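Novice: Protein sequence lines, in the order shown, are assigned to chains A and B. Heads up, the first sequence is in our numbering, so the first residue is 1 and it goes up one at a time. Heads up, the second sequence is in our numbering, so the first residue is 1 and it goes up one at a time.
A portion of the hints provided could be inaccurate.
Stated by the list, open to error - Chain B regions said to be covered by chain A (calculated; three or more residues, Cβ under 8 Å): (1) 11-23; (2) 43-53; (3) 105-117; (4) 127-141.
Keep in mind the hints are simulated off the structure, nothing from the lab. Predicted model only: the values in this text are computed from it and were never measured. Glycine included, C-beta positions come from ideal geometry on N, C-alpha and C.
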Amino acid sequence: MSDTPITGTARVKTGLAEMLKGGVIMDVVTPEQAKIAEDAGAVAVMALERVPADIRAAGGVARMADPTIVEAIVGSVSIPVMAKCRIGHFVEAQVLQSLGVDYIDESEVLTPADEEHHVDKWRFTVPFVCGARNLGEALRRISEGAAMIRTKGEPGTGNVVEAVRHMRTMLEEIGWVAGVREDQLFSVAKDLQAPYELVKWVHEHGTLPVVNFSAGGIATPADAALMMQLGCDGVFVGSGIFKSGDPAKRAKAIVEATTHYNDPDIIARVSRDLGEPMVGINISDIPDAERMQERGW
Amino acid sequence: MRVGVLALQGAFREHVLMFEALGAATVTVRLPGQMEGLDGMVIPGGESTAIAKLMRTYGFYEAIRERHSAGMAVWGTCAGAILMAREIGDALPDQEPLGLMEISVRRNAYGRQVDSFETPLDIRHLGDRFPGVFIRAPLIERVGSDVEVFAEHDGRIVAAREHALLATTFHPELTGDTRVHRFFMEEVIAAS
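Looking at chain A on its own, in the form it has when it is part of the complex (with noise of 0.2 Å):
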C-alpha cells in the first residue's frame, strides 16, 4: 500500500457489496420510485428505463437507461445507485462511471451486445456485479473483474423457481469443490470451465470469493426470506415491488423479510394486507429465446 489514497482497488469495490448485505436492492425507473424505495430502506436501487416485466412485454432490443433518467435518480436519493449496461458493451459502462453510479450491473437483462466476450470490469473504477446461473459462470465473471456476484433466476416473471434453482445449484457446486481432494482441482477447473486459481479459493474457503445476492423472480416477502434462508447475502427485486398495488407498504415487508428472514411470526406479520402482488409468468410459458438466464458465456 502506497502512502497515497488509492481508488478503485479490488478491496473498496467488493466492500461496498459487503456493506450491502442482508439488503434488499430495489428496481426503480423514476426519481419518485428511488425515493419510495429509500424509505422502505432498501440499501441501493438499480435505475432503469423500464422493469423487466416491461422490457419482457416490450420486446426488441434493451439497451442502457437514458443518462436522464440515471442522473435524476442519482440526484433524488442518498443510498448507492446502480445501473444497468449491455453484456459486453463496454461504452454503455465508460458512460454509466462517468455519470457517477456507485455499481454497474453487466446485466442479462438488458441485450447482449457481444455474444462472445463480456465487459473487461478490471479497467473500471467503478465496481461490478454480474449475474450467473453456477459456480463457474460465477467465477468467470469474477475472473473477468467482477465484485458482486447475483445468480441469475428469470427476470421480469414474478417467479422464484429459477432464482430458487441457481442458488441451489451454486450452493452445491461450491460444496462439492470444498469436498474434492487438492489435486483434483485441476479438472474440477477444467469442467467447470473457470481459472484454477479461484477454484483453489473456492476450495480453501468453502464460499465464493464476493458477496452473492440472489435476483430474478422474487416477488413476495416470503420469496425473499426464502432466498435468505437457501443462503443468499441479499436480495435484488426487480419487477416485484413497482408492479405490484401497493409498492410502498410490499417494498418495506420484503426489507424486513430479508433482515429478518429467519423468524417466521415476522414474515407472517409483514406480509399481511399487502394488495396484489406483481401477476407472475410460469417459466415453461416462456419461449427458450426469451429467457434471459440463457445470456451470458
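Using the hints provided, position chain B relative to the given structure of chain A.
Specialist: Relative to chain A, chain B alone:
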C-alpha cells in the same frame, strides 16, 4: 466477555469473525432483547438509512440508549458512526441519530463509490500503517470536549473515542488487522 454485533443489515459477519478470532463470545443482534448481558456492541457498516429504519421499526433507539446507560460500550463503523452521533449534518428528514456521542458527522463526505479509497493510517495508541478502507465514508466534522481524536486523514477526523464509545469512519473489519477490535475489547469495554 460478550460482544454483540447489530445484524439488521450490512457487514456484521466480518465483525463477528474478528471478535471470535480474538476469543470473545459473540451475539448477532436482530431484536432489542438480544442485547441482554452484552459488554459491548458494534453498529456495523451498511446503509445508514436502511439500518436506521429497521432500528426504529424494531424499537432499538431507546433500547440501545438504555443499554449504554447501563454500561454497554458501543463502537460504530462507518454507517454505525453516523448513527451514534449527536448530529448528522445532512440527515434525511426522518433520519434520527442515536445521539450517544458528542460528534457531528456528514454522510458520503468523500463523494460517490468511485471516490472510495484505501490509505494507511496512524492511529493513536494503536500504532501506524493501519490499513484504512474508506467506502462512501462519512466524516466526523466536529467533536465535543470529552472526545479524543484517535486518527486523522488529510486533516479530517476518521476515528474518535468518548469514554465507552468508539467511532471509526473506516472499516477495520474488512482488513484482517485486529488492532482496533482488540482495542475495543481491552480498552473501550473496560472503561464502561
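Novice: Taking the hints in turn, state whether each one holds.
Specialist: Do the hints match the structure? See the list:
With 4 residues having a beta carbon nearer than 8 Å to a beta carbon of chain A, the segment 11-23 of chain B meets the requirement of three or more and the stated coverage holds. Only when three residues or more bring their CB closer than 8 Å to a CB of chain A does the claim for the segment 43-53 of chain B stand; here the count is 6, and the claim holds. Counting residues of the segment 105-117 of chain B whose CB falls under 8 Å from any CB of chain A gives 8; the rule of at least 3 is met. Beta-carbon proximity to chain A at under 8 Å applies to 6 residues in the segment 127-141 of chain B; the threshold of 3 is reached and the given coverage holds.
Consistency with the previously given hints is maintained throughout, with no hint failing.
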